[in-house]
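If you read the protein sequences in the order shown, they are chains S and P.
Residues in the first sequence are numbered from 7 upward in steps of one, following my numbering.
Residues in the second sequence are numbered from 246 upward in steps of one, following my numbering.
If you are wondering where the hints come from, they were derived from the structure by calculation, not from laboratory data.
Worth double-checking, as some hints may not be accurate.
Computed cross-link-like contacts, DSS-like style, restricted to lysine-lysine with a CA-CA straight-line distance of at most 30 Å [to be verified]: (1) P:K388 <-> P:K378; (2) P:K316 <-> S:K139; (3) P:K558 <-> S:K11; (4) S:K116 <-> P:K648; (5) S:K121 <-> P:K729; (6) S:K139 <-> P:K556; (7) P:K648 <-> S:K121; (8) S:K116 <-> S:K35; (9) P:K556 <-> S:K18; (10) P:K556 <-> P:K368; (11) P:K556 <-> S:K11; (12) S:K84 <-> P:K558; (13) P:K484 <-> P:K316; (14) P:K648 <-> S:K84.
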Amino acid sequence: MIYVKDLYKQFKSDNETVNVLNGISFHVKKGEKIAIIGPSGSGKSTFLRCLNRLEEPTVGEVVFEGMALTDRRQDINKIRRQIGMVFQHFNLFPHLTVRENITLAPVLLKVKTQKQANSIAESLLDRVGLLDKADVYPIRLSGGQKQRVAIVRALAMDPKVMLFDEPTSALDPEMTGEVLSVMKELAKGGMTMIVVTHEMSFAREAATRVLFMDKGKILADEKPEDMFVSPKHPRIREFLSKIL
Amino acid sequence: MKNPFKNLFLIFCLLWLFNMGGVLARDIVSEIKERGYISLVTNAEFEPFEYKDGNETVGIDIDIAREIAKKMGLELYIKDVSYDAIPLELSSGTCDFALAGMSYSEDKDKNVDFSNESYFDAKQVIVVPKESKIKREEDLHGKRIGVSLGYTGDFYCTEHFKNSEIVRLPNSTIAVLEMLSGRLDVVVTDNIPAQNLAVKHSGLIKVLDEYLFEENYRVVVPEGSNLRDYMDEILCELKEDGTVEKIVERYTANPPDFGQGFMGMIHNSLINRGRYKTIIEGLCNTIRITCGALVIGIFIGSIIAFAKLNKSKTIFMKVLKWFADFYLTVIRGTPMVVQLFVIYYFIFVSTDLSKTIVAMIAFGVNSGAYVGVVLQSGILSVDSGQYEAARSLGLNGRETMLKIVFPQALKNVIANLCNEFIALIKETSVSGFIGVIDLSRAGDIIRTQTLDPFVPLLTVAIIYLLIVALLSSAMDMIERRLRKSDIR
Ligand SMILES: Nc1ncnc2c1ncn2[C@@H]1O[C@H](COP(=O)(O)OP(=O)(O)OP(=O)(O)O)[C@@H](O)[C@H]1O
Ligand SMILES: [Mg+2]
Chain S
7 MIYVKDLYKQ FKSDNETVNV LNGISFHVKK GEKIAIIGPS GSGKSTFLRC
57 LNRLEEPTVG EVVFEGMALT DRRQDINKIR RQIGMVFQHF NLFPHLTVRE
107 NITLAPVLLK VKTQKQANSI AESLLDRVGL LDKADVYPIR LSGGQKQRVA
157 IVRALAMDPK VMLFDEPTSA LDPEMTGEVL SVMKELAKGG MTMIVVTHEM
207 SFAREAATRV LFMDKGKILA DEKPEDMFVS PKHPRIREFL SKIL
Chain P
246 MKNPFKNLFL IFCLLWLFNM GGVLARDIVS EIKERGYISL VTNAEFEPFE
296 YKDGNETVGI DIDIAREIAK KMGLELYIKD VSYDAIPLEL SSGTCDFALA
346 GMSYSEDKDK NVDFSNESYF DAKQVIVVPK ESKIKREEDL HGKRIGVSLG
396 YTGDFYCTEH FKNSEIVRLP NSTIAVLEML SGRLDVVVTD NIPAQNLAVK
446 HSGLIKVLDE YLFEENYRVV VPEGSNLRDY MDEILCELKE DGTVEKIVER
496 YTANPPDFGQ GFMGMIHNSL INRGRYKTII EGLCNTIRIT CGALVIGIFI
546 GSIIAFAKLN KSKTIFMKVL KWFADFYLTV IRGTPMVVQL FVIYYFIFVS
596 TDLSKTIVAM IAFGVNSGAY VGVVLQSGIL SVDSGQYEAA RSLGLNGRET
646 MLKIVFPQAL KNVIANLCNE FIALIKETSV SGFIGVIDLS RAGDIIRTQT
696 LDPFVPLLTV AIIYLLIVAL LSSAMDMIER RLRKSDIR
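Next comes chain S alone, as it looks inside the complex (with noise of 0.2 Å):
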């Protein structure tokens, strides 16, 4: 579904180079959910952003569905609608009520008419238990709540992947449970998932491939329970020794 070749990635500011990516190869089938971990600033981030190509990349190549999502001719506003994806700070649309922010994308792109947009809002709310919250401004939810909306958002557009970096790092503790028991559901449903996260918990049970990137690369590219049980590489045993 999704294919990434020699994927390499610089930030050039005014005196200096950052390479953030470094080469990086990988391939996702549909209906895997693959869950990147790693230390800070090591290009998780980035390397997801450039899936969907919020960011763009330097060198390499990334292929949805059979289209080159590098290829200048492709438009990309297409390919964007069907790449879900769900950021660290939610970046709800604080101008429009919840309804709003979900049915907003569909009808504007002409995906759905507003009455189609707005069942399946309605009904994705409900599966999220939040339909009660339809008609109010973002301003009034919790943190855990804007994140259940801001899934729904993407979800509304009927994508066939979905992109999460770091869902639940904003969240209060208490919080991130009821976002991660929604992803679960949607891991449940069938849905391709990347997630970039610091929850081993969600990276344990719910991921079919576990990837450790370092320095802009992928380090090791492995089922969970050989990544958790027995972690090969040295990096990835301190890595994991520290925030477990």
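With chain S fixed as given, assemble chain P with the ligands onto it according to the hints.
Just chain P with the ligands now, kept in the frame of chain S:
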């Protein structure tokens, strides 16, 4: 009368450059006769020579101009502009001749021609309080003398009474009020306004018999044409057959009615001769100019904000960015009046656009700079996560801007935009400089007619205040609606 020529020296030099090519001794007379009308330019704030009666421009000069047009067998068009702008109207070719109580002086002669014949001889007289010890010209030495800024009385006194304190005031009405409150010893002004003021403040002031000097009002025409000789001929005839004399008498026989007491003043300033109509006309123009300018300003401002924030590096964007910077620097670095003058006299000099429209454009162009900066800061204040979230859903750049970024930016800067709007309303009060009758100018016009500055000034101030108060509350409402999403 006033001397507008000095402070406009620079604009003149430019105009001169524009005109260099071809006006020497042009046969304007035939040109005018061919097109069938002649256009007069004047400044209708100098009763009884030229002033507004309701919406009509009347006065001695106007009637003489009518006689001139009649002699030529032409229709007469009257254009009312600020006094300063009259020479520009002539040298730019917008108007054919001016009668505006103008007398010859050497430095005025540079860019226009004065007729040799004069149609009226005005005296500069001395006005003093009733019981004043000042009896003749030499008593003025060492006194506090009130004059109208830029008028010939100003120049005369400045030159002749070197050890006196010359106080330059906007007009003789105010000068007399200053004298009555004891801050001046004497006022020097034109004969006719002086007589009227003496009637208005009868028992309090008097006009001395001895006058300072005489001025000869002449017809002014564009430089270097055969129009001057032609005007001389006509004036000669009009004087010989007594037409001029009759006209002058018609306007000076009875001094105007000034109204007694406070209510009388209000009645006189607002109701007599339908003067409220002038105020209403001014109000309508102020509103029209402001609204038009607002639309233009938001349009230009959006383009400026777009240019400043766009990251693309195409040649077109580079040029647009450069232009935006240039525009911001020029507009924010120069006074509004100058921008208005330049737009009116250089950019729209040869169009038929009405002055109100030109003012709209000028204020719109001005306002665009401020709106642009405000919008730019508003857009920058929106978190980049908003942009990313919208793009990740598949919205393109334009949709993201329109649906996500702009509404939030607007909410963040709506208070600043409202301030800009309110400032704009008050700023339009300089549009009188190109002769648009806006609210402020309507007040000025009434003031020159009634010789009472307070009632028109107060009326105008109250109307501005009401508009601004109304707008403020309307904008509060808008803001509250926009802030709906901020309430927990
Ligand atoms: N726009 C940018 N310009 C310059 N450098 C950047 C930019 N974005 C990220 N970086 C740098 O790239 C490196 C990797 O950043 P990235 O956000 O991908 O790390 P991460 O693995 O997601 O870390 P974390 O766990 O803290 O979120 C960091 O050193 C960061 O400073
Ligand atoms: Mg990150």
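Outcome of the hint check:
For a cut-off of 30 Å, the pair hint linking K388 of chain P to K378 of chain P stands: about 11 Å separates their Cα positions. A hinted pair counts as satisfied when its Cα atoms are at most 30 Å apart, and K316 of chain P with K139 of chain S does not qualify at roughly 83 Å. Under the criterion of a C-alpha separation no larger than 30 Å, the hint pairing K558 of chain P with K11 of chain S is consistent with the structure, at around 29 Å. Simply put, K116 of chain S and K648 of chain P have alpha-carbon atoms about 15 Å apart, close enough for the 30 Å limit, and the pair holds.
Distance restraint check for K121 of chain S and K729 of chain P: the Cα-Cα separation of roughly 25 Å lies within the 30 Å cut-off, and the hinted pair is therefore satisfied. Of the supplied pair hints, the one linking K139 of chain S and K556 of chain P is violated, its CA atoms being roughly 38 Å apart against a limit of 30 Å. At roughly 20 Å between alpha-carbon atoms, K648 of chain P and K121 of chain S fall within 30 Å of each other, so this suggested pair holds. A distance of roughly 28 Å separates the Cα atoms of K116 of chain S and K35 of chain S; the hinted pair therefore holds under the 30 Å criterion.
The straight-line distance between the Cα atoms of K556 of chain P and K18 of chain S is roughly 16 Å, inside the 30 Å bound, and the hint therefore holds. Between K556 of chain P and K368 of chain P the CA atoms are separated by roughly 67 Å; this puts the pair beyond 30 Å, and the hint is violated. A hinted pair counts as satisfied when its Cα atoms are at most 30 Å apart, and K556 of chain P with K11 of chain S qualifies at roughly 29 Å. With a C-alpha separation of about 25 Å, the suggested pairing of K84 of chain S with K558 of chain P holds against the 30 Å cut-off.
Annotation: proposed proximity of K484 of chain P to K316 of chain P holds, straight-line Cα distance about 13 Å (limit 30 Å). Annotation: proposed proximity of K648 of chain P to K84 of chain S holds, straight-line Cα distance about 18 Å (limit 30 Å).
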